[in-house]
Amino acid sequence: MPRDEIWTEKYRPRTLNEVSGQEAIINNLQSYVRKRNLPHLIFSGPAGVGKTAAAVSMAREFYGDTWSENFTELNASDERGIDVVRNNIKNFARTMPIGNASFKIIFLDEADALTDAAQSALRRTMERYSGTCRFILSCNYSSKIIDPIQSRCSVYRFKSLSYDAIAARIKYIADKEGLKVSEEVIRAINYVSMGDMRRAVNALQSAAVLSSEIKPEMIYEITATARPEEIKEVINKALDGKFFDALDTLEVLMDKGISGDEILAQMHRLVINLDIPARKKVELMDRIGEADYRITEGAHERIQLDALIASFCLASDKE
Amino acid sequence: MRGSSVEWTEKYRPKKLREVVGNEKAIEELTKWAEDVLKAKSKKAAILHGPAGCGKTSAAYALAAEKGWEVIELNASDQRSAGVIKSIVGPASTSTTFSQTTRLIILDEADNLHGTEDRGGTKAITEIVKRSTQPIILTANDKYKMGQGLQRYCKVITFEQIKAGTVFRVLRRISDDAEIKIDDSALISLAKNAHGDLRSAINDLQAISVSESKLESIREEDIATGWRDVEGDIFGVLSVIFGAEGYDIQSALSALYSLDKTPEESIQWIYKNFSYEYDDESFLHGLHYLSRSDMFLGRVRRRENYKFWRYASSLMACGVLSAKEMQEGKREGWERRKQRYFRSPWQRVRLQEGEDRKSGPMQEELAKKIADYSKVPRSYALFFVVPFLPIFFEDERKAAEITASLRLDVPQIAFLLGDTDKEKAKQIYQDAFAVSPKRGKERVSEKERVVKAEVGEEERRKIEKVEPKEEEGKESENQKTLTNFF
Numbered sequence: 001m002p003r004d005e006i007w008t009e010k011y012r013p014r015t016l017n018e019v020s021g022q023e024a025i026i027n028n029l030q031s032y033v034r035k036r037n038l039p040h041l042i043f044s045g046p047a048g049v050g051k052t053a054a055a056v057s058m059a060r061e062f063y064g065d066t067w068s069e070n071f072t073e074l075n076a077s078d079e080r081g082i083d084v085v086r087n088n089i090k091n092f093a094r095t096m097p098i099g100n101a102s103f104k105i106i107f108l109d110e111a112d113a114l115t116d117a118a119q120s121a122l123r124r125t126m127e128r129y130s131g132t133c134r135f136i137l138s139c140n141y142s143s144k145i146i147d148p149i150q151s152r153c154s155v156y157r158f159k160s161l162s163y164d165a166i167a168a169r170i171k172y173i174a175d176k177e178g179l180k181v182s183e184e185v186i187r188a189i190n191y192v193s194m195g196d197m198r199r200a201v202n203a204l205q206s207a208a209v210l211s212s213e214i215k216p217e218m219i220y221e222i223t224a225t226a227r228p229e230e231i232k233e234v235i236n237k238a239l240d241g242k243f244f245d246a247l248d249t250l251e252v253l254m255d256k257g258i259s260g261d262e263i264l265a266q267m268h269r270l271v272i273n274l275d276i277p278a279r280k281k282v283e284l285m286d287r288i289g290e291a292d293y294r295i296t297e298g299a300h301e302r303i304q305l306d307a308l309i310a311s312f313c314l315a316s317d318k319e
Numbered sequence: 320m321r322g323s324s325v326e327w328t329e330k331y332r333p334k335k336l337r338e339v340v341g342n343e344k345a346i347e348e349l350t351k352w353a354e355d356v357l358k359a360k361s362k363k364a365a366i367l368h369g370p371a372g373c374g375k376t377s378a379a380y381a382l383a384a385e386k387g388w389e390v391i392e393l394n395a396s397d398q399r400s401a402g403v404i405k406s407i408v409g410p411a412s413t414s415t416t417f418s419q420t421t422r423l424i425i426l427d428e429a430d431n432l433h434g435t436e437d438r439g440g441t442k443a444i445t446e447i448v449k450r451s452t453q454p455i456i457l458t459a460n461d462k463y464k465m466g467q468g469l470q471r472y473c474k475v476i477t478f479e480q481i482k483a484g485t486v487f488r489v490l491r492r493i494s495d496d497a498e499i500k501i502d503d504s505a506l507i508s509l510a511k512n513a514h515g516d517l518r519s520a521i522n523d524l525q526a527i528s529v530s531e532s533k534l535e536s537i538r539e540e541d542i543a544t545g546w547r548d549v550e551g552d553i554f555g556v557l558s559v560i561f562g563a564e565g566y567d568i569q570s571a572l573s574a575l576y577s578l579d580k581t582p583e584e585s586i587q588w589i590y591k592n593f594s595y596e597y598d599d600e601s602f603l604h605g606l607h608y609l610s611r612s613d614m615f616l617g618r619v620r621r622r623e624n625y626k627f628w629r630y631a632s633s634l635m636a637c638g639v640l641s642a643k644e645m646q647e648g649k650r651e652g653w654e655r656r657k658q659r660y661f662r663s664p665w666q667r668v669r670l671q672e673g674e675d676r677k678s679g680p681m682q683e684e685l686a687k688k689i690a691d692y693s694k695v696p697r698s699y700a701l702f703f704v705v706p707f708l709p710i711f712f713e714d715e716r717k718a719a720e721i722t723a724s725l726r727l728d729v730p731q732i733a734f735l736l737g738d739t740d741k742e743k744a745k746q747i748y749q750d751a752f753a754v755s756p757k758r759g760k761e762r763v764s765e766k767e768r769v770v771k772a773e774v775g776e777e778e779r780r781k782i783e784k785v786e787p788k789e790e791e792g793k794e795s796e797n798q799k800t801l802t803n804f805f
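Protein sequences, first through last, are from chains A and B.
Quick note: the first sequence uses the working numbering, first residue 1, plus one each step.
Quick note: the second sequence uses the working numbering, first residue 320, plus one each step.
Hints were generated in silico from the structure; no laboratory data involved.
One or more hints might be untrue.
Stated by the list, open to error - Residues on chain B that point at chain A, a partial pick, calculated with CB under 10 Å:
| no. | residue |
| --- | --- |
| 1 | 528 |
| 2 | 611 |
| 3 | 622 |
| 4 | 631 |
| 5 | 637 |
| 6 | 638 |
Here the structure is a predicted model, which is why all the values come from computation and not from measurement.
Glycine included, every Cβ here is placed at the ideal spot set by N, Cα and C.
My request is simple: use the sequences and hints to build the entire structure.
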């Protein structure tokens with residue numbers, strides 16, 4: 001079994017139907033394909049939720065064999081600035097589409113990285129070449145795209161992927177690769193992925209290198225993530241005022257090579273679910289955030305983590 | 320089938336000035352400028368400025384077409400350094416054409432001259448505007464970016480957002496012309512979502528007509544998914560955060576995360592709506608965490624480390640939510656307000672349908688009456704009282720009281736009722752005579768005290784100003800009605 005191919009590429013969707021978890025959006029995109037027409041589009045949403053996948057597979061369905069001639073992908077953060085817009089895009093946009101197509105598609109990744117001036121240059125280009133060209137802009141927040149461009153586009157908001165969407169795709173890939181994945185493993189993958197399909201598939205592939213029978217621990221280990229239960233243990237012990245017990249558990253985690261940064265990120269995720277009053281939760285979240293900031297500013301993360309745990313212990317005393 | 324790839328925004332661009340919708344005043348000014356410019360009575364250049372999609376460029380082209388002028392256009396996607404501008408626009412602006420026709424030079428997006436690329440661009444424009452023998456139109460979103468020097472040589476014409484009703488009529492006309500079957504309700508929701516941007520509304524309409532089947536009429540539900548960044552989202556999030564639906568931190572946070580807004584924007588919305596209906600302790604608690612949240616936003620900016628955004632989001636949402644929880648924990652039976660109206664941090668530009676901040680003659684009349692009656696500056700009455708009068712007119716008894724106090728006439732009442740029902744206006748006019756002026760003075764002052772405790776500072780100042788003039792029962796009764804406005 002060749003392990004040299006990256007699965008995120010190997011299992012990149014080829015058709016719109018394969019794009020996971022964005023049914024409403026995919027439906028609309030499919031009808032664009034059926035009608036052979038397309039407005040300018042903005043795809044906004046977090047990383048790894050299928051923005052590029054949707055654009056590429058739509059182009060494939062639109063053009064068939066000639067898709068690579070009629071579709072170009074530019075990454076705005078590579079060579080951002082006004083020049084890339086004025087030259088590269090203009091050059092691609094001014095030539096005629098190839099084959100049986102009435103326009104080309106330009107996919108501009110990370111368009112929110114373009115400066116305002118570059119975006120202004122883009123807006124008129126979009127209008128001028130709309131006879132031969134359609135733009136798909138991808139970004140994390142559509143609000144970072146200037147109004148005049150938003151006004152020329154239909155905006156689609158891609159949502160963070162649900163457990164079901166990730167589970168289905170992971171099962172599909174595992175099946176193709178002859179891997180055994182239990183329900184627990186999928187839950188672990190879902191936890192570490194945080195709704196990001198790319199991260200989920202990478203975690204699966206990394207674990208698959210070790211063994212074809214994947215266990216949840218492997219997923220946590222490979223992604224340098226603590227098990228949620230372990231983090232909860234640290235928090236609960238600290239809130240019970242058991243400072244040294246909490247430190248012991250923390251020690252175990254640190255020995256596994258999990259960074260303080262990661263531990264804080266996970267604590268922050270889990271505090272939300274604790275069974276304590278909202279007022280208390282905010283207080284803890286504030287402390288975690290402060291510790292995270294101090295780790296980046298300070299020199300020794302252990303000191304900051306210990307101090308955080310101590311402050312959790314003290315917070316419990318006040319009640 | 321290849322499908323027509325012509326954009327409707329181009330296809331339906333107005334050919335004549337009177338086809339340019341909304342902004343009648345601006346069009347009038349533009350027409351006058353165009354006439355004056357030929358007789359050398361006016362400045363050679365005009366700046367058309369206003370938000371996206373309100374018809375600036377369309378108006379410029381329509382003007383040229385109507386006058387039979389040639390058009391030379393430059394925009395931000397062309398390089399516009401001083402040399403380029405001079406070489407292209409320069410000769411055009413001073414030489415006359417063979418046929419002696421006028422040449423209109425349109426500099427689209429003139430506020431977007433880029434600092435380094437378009438070096439000297441602004442100066443060159445100013446230079447050309449000064450020397451040109453031909454008319455020049457500059458369009459811009461933000462006139463303040465264009466420099467005072469340039470503005471001095473130009474006639475500045477302001478374009479405003481297009482009202483939802485007008486957008487709707489245009490959409491209806493286009494969909495009829497393109498033979499798209501679509502429900503009025505669907506068009507109305509498109510028009511509202513456009514927020515005064517006609518081009519985006521037309522684009523949305525075209526996008527829908529492409530994506531939906533033409534066999535059946537398009538209904539409102541069909542456009543529910545995925546369109547323009549809808550304000551409804553943020554209001555939904557706010558109502559979760561402000562505890563209108565219980566105090567589930569998790570749903571508040573996930574709602575906030577799934578929002579298409581950066582924490583930088585979200586905090587403005589939350590802050591703006593974090594209002595005075597908290598007791599001191601809860602209020603301080605909420606503000607404390609908003610302030611902490613802001614610290615994290617600052618850290619993101621300074622360190623360019625976006626991981627701190629998650630703490631900023633959590634703290635802003637949960638801080639406010641827990642403030643509400645604290646408040647309610649203390650007050651038994653405190654009535655939770657289910658229905659909330661949230662304010663935008665940029666409310667100044669957010670116009671409701673039918674609400675017109677540009678003061679029409681009727682608003683001026685009303686403002687004058689209020690100003691005379693309660694001795695406040697007319698501009699204050701115009702901006703802070705008149706817009707809220709229609710809300711009070713929903714209650715007939717209050718409407719009658721206000722009518723009596725201000726001595727409104729029937730057309731004015733009808734206007735405040737939304738011009739719908741002349742019969743109702745007459746009824747209120749009659750009722751106004753029946754409003755008893757003899758109410759206990761004590762009760763009035765008692766009420767006034769309560770009212771005063773609740774109103775904001777500005778209103779308080781206003782009441783204090785008015786108070787010494789109070790002399791008799793009738794007057795103070797009327798005064799009470801007016802303070803009730805707030």
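Enumerated hints in conflict with the structure, sorted upward:
The structure breaks none of the hints.
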